[in-house]
Amino acid sequence: MGDGTGTELRDLEVSVAGQPLLHHVGLRVQPGRRVALLGASGSGKSLTVLALLGLLGPQFRVQGTLRVDGRELPWRQAPGRRPGMAAVFQDSQAALNPVVRLDRQLLPAVARRRRTGAAEAGRIVAELLREVGFEDPERILRAHPSQLSGGQRQRVCLALALASAPDLLVADEPTTALDMISQRQVVEALRRCTGPGRSALLFITHDLAVAADLCDDVVVLERGRVVEADPMPQVLRSPRAAFTVALVAAARAGLRPAAAPQEPDARTGLEPVAVPLGAVS
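Quick note: the sequence shown uses my numbering, first residue 67, plus one each step.
What the hints contain is simulated information worked out from the structure, not anything from laboratory work.
All C-beta atoms, glycine included, are put in the ideal place defined by N, C-alpha and C.
The reader is advised that the hints may include incorrect statements.
Stated by the list, open to error - Between beta-carbon pairs, the in silico distance windows are:
#: 1; residue 1: Gly108; residue 2: Gly150; range: 28 to 38 angstroms
#: 2; residue 1: Ser304; residue 2: Pro124; range: 36 to 46 angstroms
#: 3; residue 1: Ala243; residue 2: Arg178; range: 25 to 35 angstroms
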């Protein structure tokens, strides 16, 4: 990241009780880019994210360098204090109070983040909910989280994360627990809300098919080490690491259209998933 902009991890090492967990992990997310951090369970993806967000506990020994727009940051900071970053995690149920209406959760949070009054916060929240795919934000705001599907809750969490207008949105396995239709809706919401001129995205996943559909670049982790880091089309065409070769083969085998054959995506070379795209709001 020679121009000093964006977010860069360099030589990140994490250990606990003398046991190394991450080994010289490096990644960079330039402004407006969507980067996938890809790996199997236990590869170190979530540990990398927690280090990036400053959320690792004192039992972890952390070394390396974190720079945001050229400025070096400490590894440990109070939650929510990372400048220009916001996060969405896999468990949307834990992020929202199930017995409190959404308007009573979202409006005060947005009013605090934007330092504005209730009326303006309501306008901002409605606009954000439309942006993540809800056609009737007023109805969603009157609902309790328990009345929404997992995909709807995840999109509400995405809207809340976007309220701070982050330079970098970190999405940690946001589609893992969702059905295919909800997964597609979350991916489309991320596509609309990130990219050139908007927030950059670090998308953490074990699913190459989803990552290929969304991201420009990919960093592949295996056993706490980066084994591949290149533009997504290049990795899909010519994967170098044995683990990545296996991931690409599995993705190609799993992406089969349910109806008539379709042309492979020109950017990724993978056949498209035959999933309805209509919004469920």
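Open item on the list: Just to be sure I understand the hint, the distance between the Cβ atoms of Ser304 and Pro124 should be within 36 to 46 angstroms; is that true here?
Closed with: The hinted range 36 to 46 angstroms holds for Ser304 and Pro124, with Cβ atoms some 42 angstroms apart.
Open item on the list: Quick check on a hinted range of 25 to 35 angstroms for Ala243 and Arg178, using CB atoms only.
Closed with: Because 29 angstroms falls inside the window, the suggested range holds.
- [ ] Confirm or reject the claim that Gly108 and Gly150 have a C-beta distance inside 28 to 38 angstroms.
- [x] holds, 29 angstroms
Going through the hint list in order, the structure satisfies each hint without exception.
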